[in-house]
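In order, the protein sequence lines correspond to chains A and B. To get our numbering, take the position in the first sequence, counting from 1, and add 340. To get our numbering, take the position in the second sequence, counting from 1, and add 7.
Quick caveat, the hints were computed from the structure, so don't treat them as lab data. Take these hints with a grain of salt, some might be off.
Pairs of lysine-lysine, DSSO-like flavour, derived with a Cα cap of 30 angstroms [to be verified]: (1) A:Lys-655 <-> B:Lys-303; (2) A:Lys-655 <-> A:Lys-463; (3) A:Lys-463 <-> B:Lys-303; (4) A:Lys-471 <-> B:Lys-303; (5) A:Lys-655 <-> A:Lys-372; (6) B:Lys-39 <-> A:Lys-372.
Some but not every residue of chain A turned toward chain B, in silico, with C-beta under 8 angstroms [said to hold, decoys possible]: (7) Leu-474; (8) Phe-487; (9) Pro-495; (10) Trp-499; (11) Gln-595.
Quick caveat: nothing in here was measured; it's all calculated off a predicted structure. The C-beta atom is built at its ideal place from N, Cα and C for all residues, glycine as well.
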Amino acid sequence: MSAPPSTLVDKHAVAAGAEGFLRQQRARNGEKAVFVVLLLAALVSVATTVGIVISLFVPAFQFFDEVPITDFLFGANWSPTFANPQFGVWPLIVGTLLITVIASTVALPLGLGSAVYLSEYAKDRERRALKPALEVLAGIPTVIYGFFALTLVTPLLRWIIPGDGEVPQIYNALSAGLVMGIMIIPTIASLSEDAMSAVPSGLRQGAFALGSNRRQVSTRVVVPAALSGITAAFVLGISRAIGETMIVVMAAGLQPNTSWNPLEIHQTMTAFIAATAAGDIATGTVVYKTIFAVGALLFVMTFVMNMISIRLVRKYREVYE
Amino acid sequence: MTITAPPTSPPSPVDPPLLKATGEPLRERAFKWMLWFCMAVGLITLVVLITYVLIKGWGRLDSRLIQNMPSSVLPETAGAQSAITGTLWLMTFTAIWSLPTGILAAIYLEEYADPNRWYNRAIEINVLNLAAVPSIVFGILGLAFISRGLGFGPTVLTGSITLALLVLPIVVIASREAIRAVPQSIRAGSLALGATHWQTIYRQVLPAAIPGIATGAILALSRAIGEAAPLLMLGVSFVRFNPDGLMSTFTALPVQIYNWTTEARPEYTDLAAAASVVLLVLLLAMNSVAIYIRNKTQRRW
Chain A
341 MSAPPSTLVD KHAVAAGAEG FLRQQRARNG EKAVFVVLLL AALVSVATTV
391 GIVISLFVPA FQFFDEVPIT DFLFGANWSP TFANPQFGVW PLIVGTLLIT
441 VIASTVALPL GLGSAVYLSE YAKDRERRAL KPALEVLAGI PTVIYGFFAL
491 TLVTPLLRWI IPGDGEVPQI YNALSAGLVM GIMIIPTIAS LSEDAMSAVP
541 SGLRQGAFAL GSNRRQVSTR VVVPAALSGI TAAFVLGISR AIGETMIVVM
591 AAGLQPNTSW NPLEIHQTMT AFIAATAAGD IATGTVVYKT IFAVGALLFV
641 MTFVMNMISI RLVRKYREVY E
Chain B
8 MTITAPPTSP PSPVDPPLLK ATGEPLRERA FKWMLWFCMA VGLITLVVLI
58 TYVLIKGWGR LDSRLIQNMP SSVLPETAGA QSAITGTLWL MTFTAIWSLP
108 TGILAAIYLE EYADPNRWYN RAIEINVLNL AAVPSIVFGI LGLAFISRGL
158 GFGPTVLTGS ITLALLVLPI VVIASREAIR AVPQSIRAGS LALGATHWQT
208 IYRQVLPAAI PGIATGAILA LSRAIGEAAP LLMLGVSFVR FNPDGLMSTF
258 TALPVQIYNW TTEARPEYTD LAAAASVVLL VLLLAMNSVA IYIRNKTQRR
308 W
């Protein structure tokens with residue numbers, strides 16, 4: 341463990357005052373101990389990441405010793421628990437992408453619209469009431485969203501969409517995707533709104549002075565100026581959709597499907613992981629290792645998106661702050 | 008794009024009256040209505056969801072829910088006592104593990120870390136990334152490392168450590184913001200009076216940052232209390248007794264809601280709704296405390 345940074349020691353030397361104000365003074369031992377404890381606490385998060393990487397990738401590589409990685413990535417059949425197991429992850433990817441696309445179609449426009457309203461149109465009092473309400477939406481447990489999707493939204497969809505063999509199944513991607521989209525709106529709205537509030541008001545005033553109205557200022561000045569922050573919000577929202585578990589387990593079902601029909605049952609990567617682990621599989625079997633192979637794929641996908649999002653946020657902070 | 012605008016007041020809310028004389032064009036009004044619609048979809052869904060859960064669960068919202076244990080045979084007498092006590096145990100220990108660690112880590116990052124060092128930047132980015140890692144991945148970590156690796160099994164200890172790691176980034180980020188909001192002059196004053204760095208933090212900075220930290224802590228716990236996916240992965244399922252220690256197996260409200268939803272009989276759907284109401288009430292209580300603290304102790308520097 342390294343010693344505290346030198347700026348700190350200097351501060352102490354000055355603060356310790358009287359007898360040695362010109363001489364560099366050593367930090368007290370107690371202060372050093374505090375520093376070590378704090379550093380250790382900060383390292384817990386690093387240890388967590390290391391733990392995640394080890395716990396995912398070690399069994400995943402063992403899995404790829406038994407199943408070629410090409411079979412995993414490009415095989416079109418997923419049936420790891422059957423007598424003649426197949427390990428093509430494609431059906432799980434279809435389920436994940438399909439539901440993510442539905443959720444994004446709902447959440448990206450609605451989230452962005454809400455953000456523009458909050459940032460450019462809402463009066464102060466309105467904003468103080470609307471923002472907490474949106475935050476409540478983000479705070480509802482996902483298991484309750486799953487319950488809502490399965491027992492209310494799916495029956496509604498089955499009632500609305502006419503039945504000539506095209507009735508939505510009891511478990512279907514559409515219901516899960518729609519509810520997930522609603523769940524993600526607050527994520528996108530609040531991050532986009534942060535980015536728009538960071539746009540200097542001078543830009544707005546300039547546009548107003550040139551005769552623009554509020555709509556033109558919003559769409560031609562504020563949104564383009566906040567674009568990197570809005571993109572970050574979109575990317576993070578999509579990453580959340582890919583990683584969401586309970587809604588898809590409860591409403592989209594647990595059967596792999598390669599069809600792109602949203603009215604059919606679909607299994608996502610997360611749903612497979614949850615269902616298989618909850619099934620109490622013996623440690624060390626190939627099926628047990630599939631959890632980690634799929635988990636590693638999920639982690640890589642969301643990790644890349646999170647990093648893009650963090651970079652983009654940093655970028656707009658650098659420009660405007 | 009280079010911007011050199013001074014931070015002036017927000018744009019005037021009203022257009023000059025002369026320009027308004029021709030009336031607001033239809034396109035402008037349509038745009039505003041469209042934005043309103045975007046806000047409304049989310050808010051209306053929220054109202055529908057809460058009303059639906061309340062109506063659906065109303066018939067089962069009575070003392071049976073608190074007094075009786077879950078049952079997969081007799082829906083009439085089934086309750087959620089073990090799930091409620093399990094959730095309380097779980098939250099207590101999640102708080103014990105995550106809050107001190109998160110607050111200390113935040114102090115390190117705000118008060119000690121030199122942001123120009125690569126390792127400090129790495130810690131910072133790592134926290135931001137962890138905050139967005141799917142909860143199911145934490146479930147995998149808990150399953151492989153804690154439940155099976157250390158052999159703790161699906162106990163309160165395993166569950167609370169897993170959830171603590173899950174919410175740790177939220178605690179760190181919220182605490183950092185609270186600490187950053189304490190003005191630099193307070194620190195300078197304390198150091199000038201001869202206090203050491205740690206004395207300054209412990210006696211000046213932390214007390215001033217406590218309201219913000221407490222709000223963040225409640226936010227983190229309200230995320231943890233609703234998590235079902237990592238617990239399902241650990242093998243937390245159906246238990247008919249209250250936990251009696253860290254090494255006791257347990258069940259929690261979100262897991263119980265999930266289990267009841269998967270039961271075929273409609274009585275169990277009502278039970279799931281009733282348990283959802285209990286969970287929502289717990290969340291509401293936590294959030295009210297957070298808002299109370301924020302309003303009571305808000306300070307302008």
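For each hint, the structure was consulted:
| no. | hint | result |
| --- | --- | --- |
| 1 | A:Lys-655 <-> B:Lys-303 | violated, 36 angstroms |
| 2 | A:Lys-655 <-> A:Lys-463 | holds, 28 angstroms |
| 3 | A:Lys-463 <-> B:Lys-303 | holds, 24 angstroms |
| 4 | A:Lys-471 <-> B:Lys-303 | holds, 20 angstroms |
| 5 | A:Lys-655 <-> A:Lys-372 | violated, 35 angstroms |
| 6 | B:Lys-39 <-> A:Lys-372 | violated, 58 angstroms |
| 7 | Leu-474 | holds, 6 angstroms |
| 8 | Phe-487 | holds, 5 angstroms |
| 9 | Pro-495 | violated, 11 angstroms |
| 10 | Trp-499 | violated, 15 angstroms |
| 11 | Gln-595 | violated, 15 angstroms |
Checked against the numbered hints listed earlier, the structure breaks hints 1, 5, 6, 9, 10, 11; every other hint is satisfied.
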